[in-house]
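A.B. asks: As you go down the protein sequences, you meet chains A, B and C in turn.
Residue numbering for the first sequence is 1 to 664, as defined by the UniProt record's numbering.
Residue numbering for the second sequence is 1 to 222, as defined by the UniProt record's numbering.
Residue numbering for the third sequence is 1 to 131, as defined by the UniProt record's numbering.
Any given hint could turn out to be false.
As the list claims (entries may be wrong) - Have a look at the derived ranges for each label pair, beta carbon to beta carbon:
1) A:A634 to B:G108: 55 to 63 angstroms
2) B:I107 to A:A661: 44 to 52 angstroms
3) A:V652 to B:E171: 34 to 42 angstroms
4) B:P111 to A:A661: 44 to 52 angstroms
Read the hints as simulated data drawn from the structure, not as lab findings.
A quick note: this is a predicted structure, and the numbers were derived from the prediction, not measured.
A virtual CB, placed ideally from N, CA and C, is assigned to each residue, including glycine.
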Amino acid sequence: MTTTTLAVLVPLLPFLGALAGLLLGRTAPGFARPLAVLPTLASLALAATVAARQGGGAPVDAATELTPTGSVPIELALHIDGFAALTAVVVATVATCVQIYSTGYLRDDPRYPSYAALVSLFTSAMLLVVYTGDLMVLLVGWEVMGICSYFLVGHYWETPEARAASLKAFLVTKLGDVPFLIGLFALAADTGSFRITRILGAVAHGGIDHPTLIALLLLAGVAGKSAQFPLHTWLPDAMAGPTPVSALIHAATMVAAGVYFVARLLPLFEASQAAMTVLAVMAAVTMTGSAVAALAQDDIKRVLAYSTIGQLGYMTGALAVADRGAAVFHLLSHGAFKALLFLAAGVIIHAAGTNSLAAMSRMSHLRDRVPDAYWTMTVALLALAAIPPFSGFFSKEAVLGVAEHVVTGHTEHAPAAAGWIVLLAGLLTALLTAAYATRLWLLAFRGSGTEAPDHGRQPLTMTTVLWVLAVPSLAFGGFAFRVLPDWFDGQDLTPTLTTSVLGTGVALVGGIVTYATWRHTTAHAARVPLGAVAAHPEDDAGQVEAEAIASHEPAYGDVAYAADPSDPGRLLLGRLHRHAAVGFHLDAVYSALFVRPVRAGASLVRFLDREVVDTYVRGAGTLPRWLGAAVRRAQTGNLQTYVSALLAGTVVLAVAAVLVATGA
Amino acid sequence: MSTAATAGALAAGTLHRAAESPGFLSPTGVEITFLLVGLVTLGAAVVTVTTRQLVHAALWLVVALGGLAVEYLLLTAEFIAWVQVLIYVGSVVVLLLFGLMLTRAPIGRSPDADSGNRWVALTVAVAAAGALVWVVVDAFRTTWIDLDGAPSGTTEVTGASLFQHWVLPFEALSVLLLAALVGAIVLSRKAKAGSERGAKDTAASGTATGATRTRRDQEGAR
Amino acid sequence: MHLAYPAVLAALLFCTGLYGVLARRNAILVLMSVELMLNAVNLNLVAFDAWLSRAAEDTLHSGQALALFTIAIAAAEIGIGLAIVLAVYRNRGTSDVDRLRDTAEGHDPDSDATGRALPAPAAGEKAEATA
């Protein structure tokens with residue numbers, strides 16, 4: 001088979017699997033698991049084959065016109081370069097891991113078939129986004145991912161948190177998608193094509209009339225999808241979905257779609273200095289803010305969610321300094337270790353029966369209950385904190401190195417201001433990242449107090465996947481930074497000495513300070529008893545997690561926050577802690593900016609409808625009723641009056657007809 | 001009534017003017033006779049619909065129908081004139097008189113012969129008369145009927161056309177008469193519970209008139 | 001003879017009959033007025049037949065034939081009409097047209113002096129329906 005055929009099959013297989021899963025889910029539940037795992041596995045193999053054949057050489061391009069549209073053509077096009085090939089491999093890998101993990105995680109869930117089918121559909125859409133060479137087709141995948149995310153976040157729709165979160169995720173991303181769509185149209189209007197290759201050709205020849213406008217419009221969609229400030233608020237709330245969904249969609253793939261999109265069209269963004277600066281500011285605000293917020297979260301998954309936002313900030317930062325190689329490098333390594341973090345967190349939540357770090361810090365021996373999760377999570381946290389030689393170190397150093405490169409004026413692609421912003425924010429974030437990673441590890445695994453309950457070993461499907469993902473978290477970076485430039489633009493990704501020392505230094509400082517603080521505060525833990533665990537610890541993991549999320553607010557007063565004096569984050573952040581825990585009140589800002597005006601508008605419309613429009617409607621009903629009452633009086637029952645009226649009318653009509661006929 | 005009479009006089013005046021229009025002779029004898037008989041007929045009709053004595057109304061109706069029979073004769077429709085006399089004057093009016101008696105209509109003046117609808121009725125009738133007369137005069141002001149030559153309405157001519165061209169409708173009409181006969185009987189029998197005698201009377205008279213009518217028609221046609 | 005003479009006479013007779021139909025209270029008088037209207041039509045038919053048989057060489061004599069048919073139908077009509085009037089009179093005790101108002105809006109059979117047979121069972125049914 002040709003590479004093109006293989007590449008077409010990659011998104012097609014999970015799509016067919018999803019279709020079959022949705023159709024057969026009810027009638028043949030026994031097929032649900034194979035139908036979920038096998039197509040994804042096959043598409044992983046195919047994606048790997050495609051990557052091997054492409055091999056970082058010339059991009060594979062193939063296109064067939066869908067239908068003549070009369071204006072800008074829409075084509076089913078493939079554009080596979082090194083970025084696409086490798087991203088597809090990571091997506092397929094994570095998707096396969098998540099599908100396997102889900103078979104254990106949701107083993108007793110009655111809605112598993114539809115869940116698995118939606119995950120497959122999501123995978124297919126993501127692969128479509130990765131491979132496609134046409135922006136309209138990309139948009140299709142983009143929106144399919146959005147709707148899948150909506151359904152999957154709302155998987156536990158019995159809980160109000162999940163319902164609210166799914167709606168929020170959908171609406172906030174749509175808020176970005178509208179300008180995104182307009183931007184796509186503007187782009188097509190300028191270049192006359194939706195094909196990425198042609199657009200890039202037009203950019204190279206300066207054929208774009210409004211680069212800043214288009215880039216900013218597109219950035220709105222990217223910010224929504226990739227959870228960048230100020231449209232990131234949906235991602236922490238989306239943790240109300242099942243953990244594998246968080247791992248797949250909200251850590252490794254969908255949120256990376258925005259970054260990937262910018263990486264594909266980077267020359268377009270480079271054409272506008274303003275857009276690059278905006279991108280840099282956005283990245284800086286996102287990464288520092290989210291890192292501070294992550295330090296204050298109590299829900300283990302929300303910590304990881306904010307950490308995801310921050311790491312995505314690194315990627316957009318790399319793009320802001322015009323190096324997509326570093327961005328996609330970080331995307332790849334982050335996809336692996338963040339998926340691992342989430343999946344391990346799912347295991348921990350199942351074992352502990354709670355998602356609250358405060359409650360976990362009051363349990364001893366939790367690491368003995370889940371040794372696999374303990375070790376793999378340690379690896380992943382070290383990768384997250386960018387400690388050498390874990391993969392996160394290399395990718396993050398690539399980003400910081402590029403920023404330093406720009407600062408020192410070695411490139412003309414990006415403004416030096418952007419380089420400074422990204423570099424400083426990146427270093428600050430590295431410090432904070434190490435701090436919250438340490439905090440997470442200490443609170444989750446070094447707790448003291450009553451012994452954690454023993455539910456027996458976790459399912460093999462879940463633990464195996466953890467080890468599979470631990471391998472790239474451990475070794476991918478060190479192995480890849482030498483090879484990847486061949487696949488990407490050819491820019492060097494080797495860590496530079498300055499940034500390595502600086503980055504590792506601040507990371508170590510963050511970790512050590514957190515450890516010291518923890519040593520200081522942990523004494524309080526015994527004095528303040530806290531914690532609530534799931535009522536049905538023997539259920540499957542998904543059920544336990546749903547209960548844990550649903551019981552967090554009643555137990556601690558807030559979804560994200562717990563009044564725990566032994567939390568080192570509280571001491572570190574001081575007065576900032578309260579604000580960081582609620583995401584710096586951005587939700588309140590949104591509520592004031594959007595929700596309340598919309599509600600007010602809705603109540604105004606309601607008033608207009610009830611009182612004004614309905615008055616007309618009632619009037620339209622009342623008038624005929626009065627007329628009817630009046631006409632009813634004519635209904636005397638006397639035939640002679642009826643006939644009189646009839647004949648009078650006849651006479652009038654006849655006279656009128658005669659007058660008309662004679663032309664009088 | 002006065003209004004109707006005025007309308008009649010007005011119509012007559014119009015006719016005179018029409019007759020004097022260029023190209024036409026002064027009224028012939030036939031026309032004068034027609035006009036006089038027409039006035040009588042119209043007057044009788046007006047009295048019929050206005051008199052307060054119900055039986056008188058029936059008798060004035062006889063005059064009006066008889067006058068119409070004379071008008072038919074003047075229009076050379078000899079056979080129809082006789083049929084008019086025989087059926088209307090001979091049976092219909094008799095039937096109406098029977099009806100009046102059977103419903104115990106008061107003899108003499110009855111104060112409430114007209115309903116409260118009178119003024120509306122008068123308005124409609126006058127408006128209709130105005131419209132009709134205006135249209136008819138406007139349309140046929142100068143049309144002349146040539147009544148000379150062989151009369152077009154003798155029994156022979158009528159019979160020939162009736163049994164050559166109209167034989168099928170004629171037979172259909174027989175069926176209609178039969179249906180009317182049966183209908184009259186049924187209607188009368190239904191009410192037997194209330195007054196057996198009255199029902200019998202009605203049925204008898206209905207049957208008798210129906211039979212007479214049919215026979216007459218057929219005789220006349222022959 | 002001018003065609004206008006019989007035509008105008010017919011129109012006036014027709015309107016006289018019309019007035020009678022609309023204004024008379026006794027049903028039999030209404031029937032008489034109907035006869036007047038029918039006769040007005042007959043006069044028209046005969047007059048136009050006389051005109052057309054010469055002016056248009058019409059040999060069908062459709063006017064006369066139709067007049068005959070009208071006479072026959074009028075006779076049938078008067079028979080049926082009288083039968084109906086008599087039936088109404090027997091049931092209601094009156095033949096006044098303006099007192100037969102059963103189709104009026106809000107007509108109450110109880111207040112109708114002639115609806116003697118109906119009220120009791122009807123009221124009973126109504127009570128059952130509301131219960």
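A.B. asks: May I ask you to test the hint 55 to 63 angstroms on the CB atoms belonging to A:A634 and B:G108?
C.D. replies: Check failed, 36 angstroms falls outside 55 to 63 angstroms.
A.B. asks: I want to verify a distance hint. Is the separation of the beta carbons of A:V652 and B:E171 within 34 to 42 angstroms?
C.D. replies: holds, 41 angstroms
A.B. asks: Hint says 44 to 52 angstroms; check whether the CB-CB distance for B:I107 and A:A661 agrees.
C.D. replies: Holds, since B:I107 and A:A661 (Cβ atoms, about 50 angstroms apart) stay within the stated range.
A.B. asks: Please check whether B:P111 and A:A661 have a Cβ separation lying inside 44 to 52 angstroms.
C.D. replies: holds, 45 angstroms
The structure fails to meet hint 1 from the earlier list, while all remaining hints are met.
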